[in-house]
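The whole structure should be built from the sequences, with the hints applied where relevant.
The listed protein sequences correspond, in order, to chains A and B. Following the numbering used here, the residues of the first sequence are numbered contiguously, the last one being 499. Following the numbering used here, the residues of the second sequence are numbered contiguously, the last one being 839.
Simulated from the structure, these hints should not be mistaken for laboratory data. Here a beta-carbon is modelled for each residue, glycine too, at the ideal position from N, C-alpha and C. Fair warning: there could be bad hints in the mix.
As the list claims (entries may be wrong) - Partial chain B-side listing against chain A, Cβ under 8 Å, derived: (1) Lys706; (2) Lys708; (3) Lys711; (4) Gly718; (5) Glu721; (6) Ser726; (7) Gly785; (8) Thr788.
Stated by the list, open to error - Below, simulated DSS-like cross-link-like pairs (lysine-lysine); rule was C-alpha separation at most 27 Å, straight line: (9) A/Lys319 to A/Lys256; (10) A/Lys118 to B/Lys732; (11) A/Lys126 to B/Lys706; (12) A/Lys143 to B/Lys708; (13) A/Lys51 to B/Lys632; (14) A/Lys163 to A/Lys202; (15) B/Lys708 to A/Lys125; (16) A/Lys282 to A/Lys328; (17) B/Lys708 to A/Lys77; (18) A/Lys126 to B/Lys708; (19) B/Lys706 to A/Lys140; (20) A/Lys308 to B/Lys834; (21) A/Lys143 to B/Lys632; (22) A/Lys72 to B/Lys732; (23) A/Lys125 to B/Lys706; (24) A/Lys77 to B/Lys630; (25) B/Lys706 to A/Lys138; (26) A/Lys77 to B/Lys834; (27) A/Lys70 to A/Lys51; (28) B/Lys834 to A/Lys143; (29) A/Lys138 to B/Lys632; (30) A/Lys51 to B/Lys732; (31) B/Lys708 to A/Lys118; (32) A/Lys138 to B/Lys708; (33) A/Lys140 to B/Lys708; (34) A/Lys140 to B/Lys834; (35) A/Lys29 to A/Lys184; (36) A/Lys77 to B/Lys732; (37) B/Lys630 to A/Lys51; (38) A/Lys77 to B/Lys632; (39) B/Lys706 to A/Lys118.
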Amino acid sequence: MADTKYVLQMTDICKEFPGVKALDNVQLKVRPGTVHALMGENGAGKSTLMKCLFGVYIEDGGEILIEGKKSKFSNPKQAMDNGVAMVHQELNQVLQRNVMDNIWLGRYPGNAGVVSEKIMYEETKKILDELEIDVNPKAKMAKLSVSQRQMVEIAKAVSYNAKILVLDEPTSSLTNEEVNHLFKIINKLRDKGCGIIYISHKMEEILQISDDVTIMRDGKWIDTIPAKDLTTDKIIKLMVGRDLTNRFPPKTNKPKDVILEVKNLTGAYQPSIREVSFELRKGEILGIAGLVGSKRTELLETIFGIAKHSEGEINLHGKKVINSDSRKAIKNGFALLTEERRATGIFGQLDIKFNTMIANIDRYSKFGVLDNKKIIEDTKWTINSMKVKTPSQKTLIRSLSGGNQQKVIIGRWLLTNPEILLLDEPTRGIDVGAKYEIYQLIIDLANKGKGVIVVSSEMPELLGICDRILVMSNGKVAGIGDADKLSQEDIMTMAAKYI
Amino acid sequence: MNKVKFNKESLQNFLLNYALYIVLFIMIVFFVIKEPGFLSLKNFTNILSQASTRGILALGVAGLIVLQGTDLSAGRILGFTAIVSASLLQSTTYAARMYPNLKALPLIVPLFVAIVIGGIFGAINGFGVAKLKVHAFIITLGTQLIAYGASCLYIDRPPLGAQPVANLDERYTAFVNGYLRLGSIEIPYLVFYLAIVAAIMWFVWNKTKLGKNMFAIGGNPEAAAVSGVNLVKNIMFIFIISGVLYGLAGFLEAARAGSTTTSTGFNYELDAISACVVGGVSFTGGIGTIPGVLIGTVLLQVINYGLNFIGVNAYWQYIIRGLIIIVAVSLDVRKYIAKK
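Following this line, the structure appears as structure tokens:
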């Protein structure tokens, strides 16, 4: 009776929130032993669909069959107990505890409330060995790298005997090498007959790893196509619903004279950057590539004065500047867009107006009282010139999409009149259409004569918008080259230079 | 050159990690220099028996701090349970008893009453935190006042009015203040009681699901919830255990002090919280050990006792203890701040 052709069948799933039809007759059919990519722009309904699967939301209509059996979970724990597991993009782990405590959290083995550490250790070791994950079950979570923590999360899913594993943007903080390891593990699970739902914005990855691709747009199911019949352009077209001929805007900026010189910069608290030297021109976009842990963020933070340096100097227009803290840096004409937008960029519970003015508060302040009119004016400028899609200035920033949040923050920094913009992963977690707008903004800034430094883990992005690319390796500069003469392979080779 | 730097850094780390112990050690050395008599077996056992009730209190509070909470009501709950225990165990020959007609009760009955009262207060605190989602600071601020009010009402009754509950049953004082004689060394029973409670709590923290869940909830409540940990149940249990420990400590404290008033237990929660922090239980949640709590308790008791012993003015003692809390927490925070 049971239809074993699919391990998961979600048919005609509907979900309505007040005023919005979040899911409109969505289909998702996953075959066992395959990787099924789920694609769509932010807001297309991917997470809502997954939340229905995990019982976080109850669907209004439709049917969920797991191995042919009708299922309805009322919470994520129940889903996991029934072999449906998810590795979230933002890892939810107890960092103070060790690996095995995290894997068995919520169902520690043992009798009468007493935990058997022996069973825990042995079971954990078995799973980690099987997946070839080189992590000590007794290692403290906080001591692991992001990729190791992600592997632990996958091991946790395996420990639940997951038949269906959802991976949400698993590679957004991994280096190429780590991505390869992850793919090896995914392939292993696929061979074991696991159905894997893979959510990602990275086209190259999707085409490399997946068997089938389901594309969603505006809460609707668009198509399910074998990956081998797809190209990047075709996927984007289906996702966006129109032809997006170019992923990157034309490069119109022309670098001029050198404005920033960084000489022999070395972080005060090692491991950090070591002996970093480079120049940045007016109107130039300099990309910074490197593996996670190559200290790219630390480089920006050291320039901006959040991180201290023990040696080296920074010259702006040939004059030495001392950014002893972020206030000094802003005054000297530097701006830093931080990597973790949600953690260190936005004030989520506050409105766009507040988020626009906060880096500039001195400008609006007369004897400590804020000039509201000027703030409203500047916020209007931000919304208009950054093309922020928002109903009003009073809208809470967290209710905007990632791309629009990022535009507000770029606007915030432009209001400080910076000469040097330091952008740390400016397009992370932003969908394809909005990425293009951010790229256009970056090129416009360069056109206006700003010096822009962009740190990114997405190499196509760096190659697409930068004039030159500096590759970091283990805290040192491994090389600088013109973007149009570098290939991804060149960058990867340089990134591994000092390891 | 790198090596020199490394050594300098590791020295800094060492100082950071042990600064508090170094400071406390210096203070002890200071006591000994000032009053060489400080180093005596008698003082040592005194300190230990004084530390015992506070240690039990601290063991209760520690779990709540691991849960990212705190407890301001611990001292007053101890006070209330102490008064109730004492009132049920006054010497039958004492004319001005609170319950003149009460026969001599078996010790277990008042102990049980104290534990139940403590447990109920713990349950109220836990319910407030787990179910009503009130911050532990606020809910325990409330129960602190309630416990104080309850003990005032309990003690202030005609015809005698509010007066210390004293003249306790001999069995009671013997049970609490007795000691085991080993040659010339007298080990107070209280020390054994503390050791037993600590051993049980160590087991709960390290070997049981409840303990592991407690650390998980304190470390990352969301991760615990997603993994199917029942937050309400586990938080309630930890709070009830803390209340039970306060009740036990109250029962012991009454007989240890010999008499109780409404001011019994006043500010004990601050000592307990300081002991936890000194012992490395972090307010960031999810971090702490039982041996740490014990060390913290004993060290602070040494300081208290020492300050008294060398005759420091009581008001100054408050100031010194306050400073110790501030230094302890600011050093504790330093350990978890990443340097840039």
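TODO: Could you tell me which of the hints above the structure violates, numbers in ascending order?
DONE: 8, 21, 26 and 29
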